[in-house]
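Just so we're aligned: 54 in full-length UniProt numbering is position 54 of the sequence shown, and the numbers increase by one with no gaps anywhere.
Worth double-checking, as some hints may not be accurate.
[What the hints assert, rightly or not] Here are the simulated PhoX-like cross-link-like pairs (lysine-lysine), alpha carbons at most 20 Å apart as the crow flies: (1) K375 to K412; (2) K412 to K381; (3) K371 to K381; (4) K99 to K69.
Hints in this document: simulated from the structure, not taken from any laboratory.
Note that the coordinates shown come from a computational prediction; the quantities given were computed from them, not determined experimentally.
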Amino acid sequence: MASDGSPVRDAREKQKQKKKKAERSGTDRADVEETDAQLEIQRLTAAGHAALQSGHNNTALQSFRSALKTATKLREKRLQRRCAFNLGAAYVETGEPQKGLDVLSRTQPGERGERIADLQFNLATAHEALGDRTQAAIHYLQAAQLYRSQGDAGAEGDTCVRLAHCHLLRKEWDEAAASFQRAAESYKLAGNASAAALALKDAGKHMLQSGRSSSDEIISVLTDSLEMSVNMSDQQTLGKLLSDVALSFSQMRLFSEASECLEQALPLVSSKPHRLAVVLQNLGAVYNSLGQYQQSLRFHREAAALHGSLGSRGAQGRCFSNLGFALVELGELEEAWESYLHAQQAFRDTDDPSGQWQACEGLGGIKLQMKDPDKASMYYKDALRLLCKCQDVSVSVQERLVSELSEALQQKLRIQQRGAASQRTAPERHHDRRQPRVLCLQDDGCEV
1 MASDGSPVRD AREKQKQKKK KAERSGTDRA DVEETDAQLE IQRLTAAGHA ALQSGHNNTA
61 LQSFRSALKT ATKLREKRLQ RRCAFNLGAA YVETGEPQKG LDVLSRTQPG ERGERIADLQ
121 FNLATAHEAL GDRTQAAIHY LQAAQLYRSQ GDAGAEGDTC VRLAHCHLLR KEWDEAAASF
181 QRAAESYKLA GNASAAALAL KDAGKHMLQS GRSSSDEIIS VLTDSLEMSV NMSDQQTLGK
241 LLSDVALSFS QMRLFSEASE CLEQALPLVS SKPHRLAVVL QNLGAVYNSL GQYQQSLRFH
301 REAAALHGSL GSRGAQGRCF SNLGFALVEL GELEEAWESY LHAQQAFRDT DDPSGQWQAC
361 EGLGGIKLQM KDPDKASMYY KDALRLLCKC QDVSVSVQER LVSELSEALQ QKLRIQQRGA
421 ASQRTAPERH HDRRQPRVLC LQDDGCEV
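Please work from the sequences and hints to get the whole structure.
Rendered as structure tokens:
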């Protein structure tokens, strides 16, 4: 059948069809290329996260840089922001906060995107690493608010803890305590009782440190912490929490409550020698404060031996000092004398003038009871001399040492005037030995 059109018209129609076919082929090719690019970005991003987790930082950064470079060739701005976010976060995590901050600052979305809370968190982390805690606190607070609006209570709790640490570095105790309390509330909502207990423990500690909260408020927070910790599965973490709460109770002079916490902590920390030594030491000191000296002896001796085996000479000296005090109260003066001598040497070894003057005071008190005023005077003078090397010592301490030195000199004068025989029957002034100086509780700074 012949064609119903002219040869020219047929040629033009064929050209149009070829052009449309080429255009369709080009569009398909562009779509394929964009899909391939998106898949490559996904692969590079996954590889970057995997490298970060395995500690291969350079590989991770290279993967994230390649992902961002690939994303810049695409039309999707949101994908570009995500890639830039990942690269900036990786810089922060791998110890290059300034580079991370530079990249993250360019990824600020124009609208409230799904990752804006994470972005604020990473900006805060970068500022914190650079030492700008004011900006870090601002971004952490924004991140916490955004996590709350998203219903992510766990992330809000973690962010509030980081915010609290910023306040601590700025010595803003009240703000830190409030942030820890908010973290605890968030963790409760997230069903994380253990994290809530730890946050409340820290809140109570810093409420006490600020001095602006009432005793009832602090006790309430610490009690809530203990209640939340009942089902804590990690026994070592529970042991540390109990030890820390005991320290706060002790600072409030709630020694019975402190001893109860420490007794519970004792079997939980048995596998951690440094922590065990601290708990033993603090138990001995608490029982000293309760006047239960016979019960305290075992803890003092075990703590001193364990600290010695660990090379913790200063802590060992404090244990010997506490042991000497308990032995004096029990009338075991010879053994007490040996303990204070051990304490004095330990404090000399660690160049600790504060410990040295306390040991000298203990030695002076023993010599005074043994009616050796010359030696007693010598030790009290040494204590006063060493006291001058210490900072933040109350005037009452110096006044007490001067009073004890005066008592020793008066005893010497009485001996000279009446003779040793009459002195044995003379009434003896007995200075108060129950001074807070012997309560050598130690903060547990060991890692879990």
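Status of each hint after checking the structure:
1. Distance check on the hinted pair: K375 and K412 sit about 10 Å apart at the alpha-carbon level, within 20 Å; holds.
2. Proposed proximity of K412 and K381 is supported: the alpha carbons are some 15 Å apart, at most 20 Å.
3. Note on K371 and K381: the hinted pairing holds, with a Cα-Cα distance of about 17 Å set against a maximum of 20 Å.
4. The suggested pairing of K99 with K69 holds, with an alpha-carbon distance near 16 Å, which does not exceed 20 Å.
Of the numbered hints stated above, none is contradicted by the structure.
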